[in-house]
Structure formats: structure tokens, C-alpha cells
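Participant: Those protein sequence lines, which keep their order, are chains A and B.
Just so we're aligned: the first sequence equals residues -1 to 244 in the working numbering.
Just so we're aligned: the second sequence equals residues 91 to 451 in the working numbering.
Rather than coming from a laboratory, the hints here were simulated on the basis of the structure.
Yeah, the Cβ is synthetic: ideal placement off N, Cα and C, and Gly gets one too.
Mixed in with the good hints there might be a few duds.
Unchecked claim - The list that follows gives simulated cross-link-like pairs (lysine-lysine, DSS-like), each with its CA atoms no further than 27 Å apart:
| no. | chain 1 | residue 1 | chain 2 | residue 2 |
| --- | --- | --- | --- | --- |
| 1 | B | Lys300 | B | Lys283 |
| 2 | A | Lys4 | B | Lys300 |
| 3 | A | Lys185 | B | Lys283 |
| 4 | B | Lys292 | A | Lys189 |
| 5 | A | Lys188 | B | Lys283 |
| 6 | A | Lys4 | B | Lys294 |
| 7 | B | Lys292 | A | Lys4 |
| 8 | B | Lys283 | A | Lys3 |
| 9 | A | Lys188 | B | Lys294 |
| 10 | B | Lys292 | A | Lys185 |
| 11 | A | Lys188 | B | Lys292 |
| 12 | A | Lys189 | B | Lys294 |
| 13 | A | Lys238 | A | Lys226 |
| 14 | A | Lys3 | B | Lys300 |
Unchecked claim - Which residues of chain A face chain B? A partial, calculated answer using Cβ under 8 Å:
| no. | residue |
| --- | --- |
| 15 | Glu38 |
| 16 | Lys39 |
| 17 | Asn57 |
| 18 | Gly60 |
| 19 | Pro64 |
| 20 | His65 |
| 21 | Arg67 |
| 22 | Ala70 |
| 23 | Gly74 |
| 24 | Lys77 |
| 25 | Val78 |
| 26 | Glu81 |
| 27 | Ala99 |
So you can see what is in the structure, the chains are spelled out below.
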Amino acid sequence: MAIRKKPEMINQQVGWCGGCGHGIVQRLIAECCEELGLVEKTVQVVDIACAYWSIDTLNCDGIAGPHGRCAAVATGIKKVRPEANVYVHAGDGCSYVIGLAETCYTAMRDIPITMIVVNNGIFGMTGGQMNPATTLLGDKTVSSVKGRDEKTAGKPFDMLKIIETFDIEYAARGALYDTKHINQTKKMLKKGFENQRDGKGFSIIEILSPCPTNWKMSPVDSMIKLEKENELIFPVRVYKDRGGEK
Amino acid sequence: MNKDYSLMKGNEAIAEGALRAGCRFYAGYPITPQSEILEYMSTHMEERGGVFIQGESEIASMSMIWGAAACGERVMSSSSGPGYDLKQEGISYLASYNLPAVLADVMRYGLGDGEITEGQDSYWEATKGGGHGDSRQIVLTPSSVQECADLTYLAFELADKYNTVAIILSDGAISQMIEKCYLPDALEHDKDKYDWAITGYKEKNATKVKVTNMDRTIGHEAWNELMRNKFKTIYDNEQRWEDFMVEDAELILVAYGISARVCKSAVRSARAQGVKLGLIRPITVWPYPDQAFQNIPESVKALVTVEMSISSQMAPDIQMASKFSKPLYGYLSTLYVPKTEELVAYCKSVLAGNENALEVY
Ligand SMILES: Cc1ncc(C[n+]2csc(CCOP(=O)(O)OP(=O)(O)O)c2C)c(N)n1
Ligand code: SF4
Chain A
-1 MAIRKKPEMI NQQVGWCGGC GHGIVQRLIA ECCEELGLVE KTVQVVDIAC
49 AYWSIDTLNC DGIAGPHGRC AAVATGIKKV RPEANVYVHA GDGCSYVIGL
99 AETCYTAMRD IPITMIVVNN GIFGMTGGQM NPATTLLGDK TVSSVKGRDE
149 KTAGKPFDML KIIETFDIEY AARGALYDTK HINQTKKMLK KGFENQRDGK
199 GFSIIEILSP CPTNWKMSPV DSMIKLEKEN ELIFPVRVYK DRGGEK
Chain B
91 MNKDYSLMKG NEAIAEGALR AGCRFYAGYP ITPQSEILEY MSTHMEERGG
141 VFIQGESEIA SMSMIWGAAA CGERVMSSSS GPGYDLKQEG ISYLASYNLP
191 AVLADVMRYG LGDGEITEGQ DSYWEATKGG GHGDSRQIVL TPSSVQECAD
241 LTYLAFELAD KYNTVAIILS DGAISQMIEK CYLPDALEHD KDKYDWAITG
291 YKEKNATKVK VTNMDRTIGH EAWNELMRNK FKTIYDNEQR WEDFMVEDAE
341 LILVAYGISA RVCKSAVRSA RAQGVKLGLI RPITVWPYPD QAFQNIPESV
391 KALVTVEMSI SSQMAPDIQM ASKFSKPLYG YLSTLYVPKT EELVAYCKSV
441 LAGNENALEV Y
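Based on the provided sequences and hints, a complete structural model is requested.
Facilitator: Below is the structure:
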């Protein structure tokens, strides 16, 4: 098996738990930015959640956006620095729960940024509470100890189905549970960065990702859950590709 | 003399003052009585080469100006009443990241949704608030349309000088009135002049900019010191106020904004009737102009705060500034703009010993 060279853009050890998907996502981001020659133009906006660890470890300009507001912070940055390669790396709690409005309106305004949402089905940073948008029915969390119940907590929803109805450039969902899907996810991310480079509109890439710590599972079992359970509710595919000039 | 004047609303003067100060990014959400700031920006920002965004909420708008401020741009937002509450999150984050920004709060009256009429009861929120954590924001209070322009212009200078949020605390009356206004010279701001700003266009080996919470690069001790020094320097150097006929006064009125305008006419009217009133008008309410109260003349028998609120929100600041040296009375007109002759009558009554001193609780 060919081992990929570690991107120079990653300059320190990272702080994520063993088996966490955020690390893979960060690595893929770095590979894409390097391969596209965008590193020196890149500005990362990380959520004040588990994505935050990325601020020190990636060798590019960066700002830590408040929990929920990353898309709005990125809007401000992209408007003032239109030539910069501005991406958001945030959780699904940040992007779809507290920051639902910010994410939707950034999409509706078709702001040409690359938004990367890590769907780990849980609030990781705060210790594993239910995510109203993505925790599956029946999944146990510290705020749904008997398993998520539709009667009290409603059902999870597929945000990309909502976002694909907006006039945006690109929406896709990838997953990290095997090499094939990691490679596919990288292609999606690359497309998201290329769109921005080429002056096209808003791109969002959601990534199904494990949180072994808060799922209270081994990294391997987490990957199996992702494939066998989460992907059934959150299908991996390209939802929208406008393919246009903007 | 600068002949560049217009007839403008206070809100428009705030917006034009901002544009002339080099503001090139505005994001906001409509709410009465400040909406003309947003409307003016929507009409005139683009012609100055800047960015206007009508945000989906006050919270989102604050986060947008935060991102833009981190890039070194001169940025502004504005709101009122319930909308200003939602700005608090952003103020706290901007303070935490040491970023300059200007925010206009055009006060309206009341709690909750309150009223859309003029009021002065967001003083506490503006001067003592600013979201969680302890930080201080410079707060400037215009008392005329001219000052709406001038103080906004100044707010950008001060925000920049101290890397802080500067607030224009206006009120519905001042911001809605139309007056002649001389406009300050337009200047261009260079967003690339700071080494702390995000550019995203770097040489390969150049240091990358990290804009983080409470400047994580320096450690908490150094951070505390940095902030404390900043607040102290602002306190020492930026107190602003206007004295009006205080030298021989028997009673000194203390008021800002619309109330201060009424107080001025009350001072004139009372003096015509042989009653010696004076006025201290704070222009900054943080830092509070303590220096204005250092040499209150012997002739002064008492102070009277004049505000549009239920409790006097300014009273503790006045007492601290005057070191409790004089009794304090309050003329608190809630949602009504104080009336000159009623105020004069109240002052006469205070001097005649018929009024109770203000209860400050
Ligand atoms: C306004 C606000 N509310 C709550 C929090 C606490 N908080 C920090 S991260 C987080 C949830 C993180 O979940 P998610 O966005 O899914 O990211 P993850 O950590 O799982 O990657 C919460 C609730 C906060 N920082 N700010
Ligand atoms: S808590 Fe979960 S999401 Fe956060 S670093 Fe650990 S494994 Fe990753």
C-alpha cells in the first residue's frame, strides 16, 4: 500500500482523541490545499469545538469562530479578502444546530467559501450530548441516556437535502469508514476548494465521522457503526453540482 | 471653514461619519429607531468600495463584522433595544480577540420589546455590559446630529488606537432629529497596515496569523496584564465631557444625549429667572468623566441626574465620580423626553428643600 507523504502544512501533533475523524479530515484538507497550491492563500475558520485543535497545527492563517457562527465569520473574511482560500472546519452541532441560520444564509447568499462539516452525530467537545440534527433515533448519549426518542427529541434531519434546494455551487456527503470512502471524500473536498479557486459559489462537504470517545466504542466499532447505521440515514453522495460559472 | 455640510438625520450622520472614517464593512439587521443607519449604508457603501450585508440576525451580523475586523478592515454594526442584546455575544468575542470595531446602539425605551420610542435605559448594558467576561468598551454619547457624525468618526480612531469595541450610545430622539451637520474629511483606511490581521496572501515561510480567544499565544498572566493596562490607559486618557455654566452654579444637572439638550435650555431658562443651574454633560460614559467632578464649586448645593429611565442608571457613576460629596437628586422621565420648564420647576423645588434625594439601590 502506498503511504501518502504527510503534508508540510501540518506542523505539529494534533490533540484529537485516538480514532477521531477530525484528524483525517484535517489531513485531507491539508493534502487538497497543497496539491492545489493554495496553502499561502488559505484562511481556516475553525469552530470552538473539537475542530478547534486545528488552529495551531495547520500552517496557514486562521481564526477560531464562535460555536455556531463560523459561516458568518467566514463571510466577513471572504468579503474583505476575496482572493483568499477561505474554508470552515466545524462540527455538525455548530453548523446545523446553533448555527443553522448562519449556515443556511451563507448558502443562500452563495458566499464562495468551502464549508466542511464533520457529522459525528454528537456534541463531541462538551462531552457527548445528543445532537438534535444528527443523533440517530435510539442512539444513547449523556443527554439521551435511554436512546434518542422521537417523541421528546424529534427525528434527525438531512441538512444537505435542505441545502441542495438553495442556488449553491456544490453539496456532497462523504464518509471516513474505509479507504475507498476516504479517497472519495478527498475528491469532494478538492472539488470544494477548486470551486472557490475558480470563483464559483458556496460549497459544502459534510463528512460522516466517528467519535469513539463519546460513542463509547472502539475506533473499529465506530467505523462499523458509521457504515451500517449512520450512512443509512445520511447517504453518501453528491447532492448538488451546479457546475456553473458564478 | 469646512463648507461640506448637509441637513441630516442623526442616524444618517452616524452612517456618513462612519463612511468618512474609512468604514468599509457594515453588517446589521433592521430595528427601529436605528434602521436609517442600515439603510444609508445599503445605499452608500458600495459607491465607496465597501461591503454592505443585511444579516439574518444581529448575532450573525456581529460575527460577520468580526471576521472582517480580523482582516484589518474598519467595520461597523448597529442596533437597538432587543437587537442590541443579541450584539453582546459579538462584543465579548471581539474583546477577547482584541479586534477594533464600532457599534451604534440607538436606545429605545423599555424592557423586552419595549417601545420604539426614544429612551435612555440601555446605559447599564452599554457601560457595564458587553457580554460575558470582564472587558470595557469605550462608549460615546452624541447630543446633536453634528456629534453623531463627529463621535462616530472619533469612535473609529479610538477603536483602532486601543484595539477595542467603541460604542455610539445614541437615543431615538437624537438619532431621529434632522439638523445641519458639517461632515468630517473623508479618509481611506489601509487594511493591510497591521501585522495582526489575516491576509491569506503570504510568502511561503512567513509567519501565519492566528486570531484566537484571549490571545492564547501569551498566557493568562500576560493577557490579564494586557487587558488591565488597556482599560487603565483608556480610563486615564479618554474621558470626555462638556461643562456648561458650572462655575457659580447652585445646582448641577448631569445628563447626556437628548436629556442633556433639554438640560441646556433648562440652565438658560432658570438663569433668566435668577436660578443658577449648571450642567455637566458626559460625552464618554465609559470611561466615565470622573475628572469633570473633581472641582465642583463650593456654591453647588446638590447634583441632579436627568435621564429617561425608571431607576437612575447613571447615579452610581455620578456618586463615585463626585465621591459622594454632594446630595444627588434625580429627574427620571422614563419614556418621555424631559420638558424644560418642568425640569426648572423641579430644580427650584429641590433648592427649596421640597424634594427627596435620589434613592440609589
Ligand atoms: C454559545 C455556545 N453554546 C455552547 C457552547 C459549548 N459548546 C462548545 S462545543 C459544543 C458542541 C460541539 O459539537 P459539534 O459542533 O458537533 O462539534 P464536535 O465537538 O462534535 O466536533 C458546545 C455545545 C459554546 N461554546 N458556545
Ligand atoms: S471527543 Fe470525539 S470528536 Fe472530539 S476529539 Fe474526541 S473523538 Fe474526536
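Participant: Which earlier hints can't be squared with this structure?
Facilitator: Per hint list: 3, 5, 8, 20 violated.
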